[in-house]
Amino acid sequence: MPRVKSFTQSMAWLHSWAGLILGWLLFAIFLTGTLTIFDKEINWWSQPELRDQQVTQQEAARAAWNWLAREHGDAEVWNISLPTERAPVMSVSIGDNRRSGGKVLDPHSEALVPVRESAGGNFLYHFHYTLHMPRTFGIWVVGLAAMAMLTALVTGIVIHKRIFKDFFTFRPVKGRRAWLDGHNACAVLMLPFHLMITYTGLVIFVMIYMPAAVDALYDGNREAMFREARPLAEKGAEPRQGNERRDGGRQGNERGPRMVEQAPAAEMLPLESFIGKAESVFGPGMVASMTISHPGRANAVVSLRPLLGSRIALTKGVEVRFDAVSGKLLQAPLEPRASALTQQVMTGLHFAQFGGYPMRWLYFLCSGVSCAMIATGLVLFAMKQRLRTAEVNRGHTFLRVVDVLNIAVVAGLVLGCIGMLWANRLLPVELAGRAGWEESLFFGIWGVSLLHAGWRQPGAAWREQLGVAALLCLGLPLLGFLTQDAGAMDTTRLSLALVAVLIGLMLAWTAWRVGRPAATNGVPHEPTQHLAGAG
Amino acid sequence: MIRRLRDNPAWQARLDIGLRVAAATIGGYFFTYACTAAMARLLPLARFDAVMVSSLLAFAVYTAVIVWVFAAASAWRAWLGIALALPLAIIGFWPGLFGSGA
Numbered sequence: 001m002p003r004v005k006s007f008t009q010s011m012a013w014l015h016s017w018a019g020l021i022l023g024w025l026l027f028a029i030f031l032t033g034t035l036t037i038f039d040k041e042i043n044w045w046s047q048p049e050l051r052d053q054q055v056t057q058q059e060a061a062r063a064a065w066n067w068l069a070r071e072h073g074d075a076e077v078w079n080i081s082l083p084t085e086r087a088p089v090m091s092v093s094i095g096d097n098r099r100s101g102g103k104v105l106d107p108h109s110e111a112l113v114p115v116r117e118s119a120g121g122n123f124l125y126h127f128h129y130t131l132h133m134p135r136t137f138g139i140w141v142v143g144l145a146a147m148a149m150l151t152a153l154v155t156g157i158v159i160h161k162r163i164f165k166d167f168f169t170f171r172p173v174k175g176r177r178a179w180l181d182g183h184n185a186c187a188v189l190m191l192p193f194h195l196m197i198t199y200t201g202l203v204i205f206v207m208i209y210m211p212a213a214v215d216a217l218y219d220g221n222r223e224a225m226f227r228e229a230r231p232l233a234e235k236g237a238e239p240r241q242g243n244e245r246r247d248g249g250r251q252g253n254e255r256g257p258r259m260v261e262q263a264p265a266a267e268m269l270p271l272e273s274f275i276g277k278a279e280s281v282f283g284p285g286m287v288a289s290m291t292i293s294h295p296g297r298a299n300a301v302v303s304l305r306p307l308l309g310s311r312i313a314l315t316k317g318v319e320v321r322f323d324a325v326s327g328k329l330l331q332a333p334l335e336p337r338a339s340a341l342t343q344q345v346m347t348g349l350h351f352a353q354f355g356g357y358p359m360r361w362l363y364f365l366c367s368g369v370s371c372a373m374i375a376t377g378l379v380l381f382a383m384k385q386r387l388r389t390a391e392v393n394r395g396h397t398f399l400r401v402v403d404v405l406n407i408a409v410v411a412g413l414v415l416g417c418i419g420m421l422w423a424n425r426l427l428p429v430e431l432a433g434r435a436g437w438e439e440s441l442f443f444g445i446w447g448v449s450l451l452h453a454g455w456r457q458p459g460a461a462w463r464e465q466l467g468v469a470a471l472l473c474l475g476l477p478l479l480g481f482l483t484q485d486a487g488a489m490d491t492t493r494l495s496l497a498l499v500a501v502l503i504g505l506m507l508a509w510t511a512w513r514v515g516r517p518a519a520t521n522g523v524p525h526e527p528t529q530h531l532a533g534a535g
Numbered sequence: 001m002i003r004r005l006r007d008n009p010a011w012q013a014r015l016d017i018g019l020r021v022a023a024a025t026i027g028g029y030f031f032t033y034a035c036t037a038a039m040a041r042l043l044p045l046a047r048f049d050a051v052m053v054s055s056l057l058a059f060a061v062y063t064a065v066i067v068w069v070f071a072a073a074s075a076w077r078a079w080l081g082i083a084l085a086l087p088l089a090i091i092g093f094w095p096g097l098f099g100s101g102a
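If you're matching them up, the sequences are chains A and B in order.
Take the first sequence: its position 161, counted from the start at 1, is 161 in my numbering, and no numbers get skipped.
Take the second sequence: its position 20, counted from the start at 1, is 20 in my numbering, and no numbers get skipped.
Keep in mind the hints are simulated off the structure, nothing from the lab.
Some hints here could point you the wrong way.
As the list claims (entries may be wrong) - Just a sample of chain B residues kept apart from chain A, beta carbon distances all over 10 Å, derived:
#	residue
1	Asp-7
2	Thr-32
3	Leu-86
Stated by the list, open to error - Pairwise CB distance ranges, derived in the manner of DEER restraints:
#	chain 1	residue 1	chain 2	residue 2	range
4	A	Leu-450	B	Arg-14	23 to 31 Å
5	B	Leu-15	A	Asn-221	36 to 44 Å
6	A	Gly-447	B	Asn-8	35 to 43 Å
7	B	Asn-8	A	Gln-9	19 to 27 Å
8	A	Ser-495	B	Trp-76	52 to 60 Å
9	B	Trp-79	A	Gly-283	47 to 55 Å
10	B	Thr-25	A	Gly-276	51 to 59 Å
11	B	Arg-77	A	Glu-228	40 to 48 Å
12	B	Ala-22	A	Val-429	51 to 59 Å
13	A	Gly-95	B	Arg-14	54 to 62 Å
14	A	Ile-21	B	Asn-8	23 to 31 Å
15	A	Gly-283	B	Arg-14	56 to 64 Å
16	B	Leu-15	A	Leu-502	49 to 57 Å
17	B	Trp-11	A	Trp-512	29 to 37 Å
Yeah, the Cβ is synthetic: ideal placement off N, Cα and C, and Gly gets one too.
Please put together the full structure from these sequences, using the hints given.
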């Protein structure tokens, strides 16, 4: 970068390169993040054995209690995940590790429901922030990509001088101009969203990414820091709550020996009676799960946790605790101090669990626009590079790499995601390690897409891969009918199939536009020509 | 080697870019780290709040540093700016220099 460059030129350079090098990762992060907004719905679709049993949480808790008392009367801890609006299913488990997946229980027959194993929405959620790499390493790579995104957004604002004028400009038939207009429109229209979602994403792991302040003021002792923020909790009788919950497993072991002397047996109050009490704290319909420790003993305690979306601030680790025998309130959730609440609200803005379905759809549309902005940016880079390469007759290999990666990342990832949904229905239900097979197929399809992109000319590769993805999306409802589960069709699963069809139509339109011969024959400097007709 | 660098504009441009990328990513991170620590030390807030506020602002600082590194007149000047991390780190980590010690 010669020193004669102006500020705008430097920023344009930074925008293109930061956007390109990490744009591939960013597209993968944003696309899986967009789908993760509906992770529970994808999970629900992925397990057609599940039916909405239309029971109240009270009835569900009663059924779970009956089953747990019958099957695991001597367990130290019972966990009950209650049916909620997004996941009208109940699951139960015992022991400290309530996240290791419970068993689905039918509230009417009080029997376990066999459910197929599936990667589904949980896989997309973990991929979104770890890229399926070892957790800590993945989080750092995603953080690096997020910083590149912030940089690209800020430099994008700098180089985009006519930010308001271009907002109203869209010239869809004018080739490269159209891609640029599209990129700018996506960026400007949703600029606050792009900035918000990127910054709040970084804030989730702020203590991992930037522990400087904790290192300076607390010698890096995060636990000491959060303990200090809760002076009330320190004086409380029960040490185990709030953020310390994250270490649940370890604490459980430490608590183990003390459990040896058991309290005498005692009659617990009906478990369902605690749901109403917890709703008076969290709001109606906002209770998500309950844990009973020492069930059936004099020291039995019921802890109830809210849905993550009971308020904007992310309520991870929040709970209300009652004495299960007397019904006395032991511990109400503490209101966090303003600075901690700020972080929780920022995190909550990223997780998008508040506001119910309207808010979820708004997030879905906005992050869809973010994906489109990143994809059009990648395509724009390839176009400009094509012009430059033709001009100086140099850098053909680099251009080829950019083309192949663009296709494999954008079209290939879409293919992988929809392919995984097909795998969910086509793989045998009883297959051992089924979720792992679904994930392998996701990566397998992605790999094939890369090979295909390397083998075909860019235009043909774009057209074919987007075309196949469109067909798979359009065929998803048919697949549902062909594979037995017509009886499983409910609003959630039907909506997912309809959205797949809509996305399929959009992909088909894109594939058709990219490959349309008229577009390449018309104007000499047609961008579609640069995109499609490289061969 | 040095002469080759001085005389060849293509190599010069590559060196410039390499230095700036290093200054923005690695240098920028350490600058932000030091700046966040110093901010936490200097903010007139309770210890916990100071940590939260400065940590939440860290990414904005990092972004500004990256932009500044690429806007600077030369890569060397960009690194000179990054060197400001040193006094900031002293404020942040010198025991007992500012505020309550850790």
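Open item on the list: When the structure is checked against the list of hints, which entries are broken? Sort them ascending.
Closed with: 2, 17
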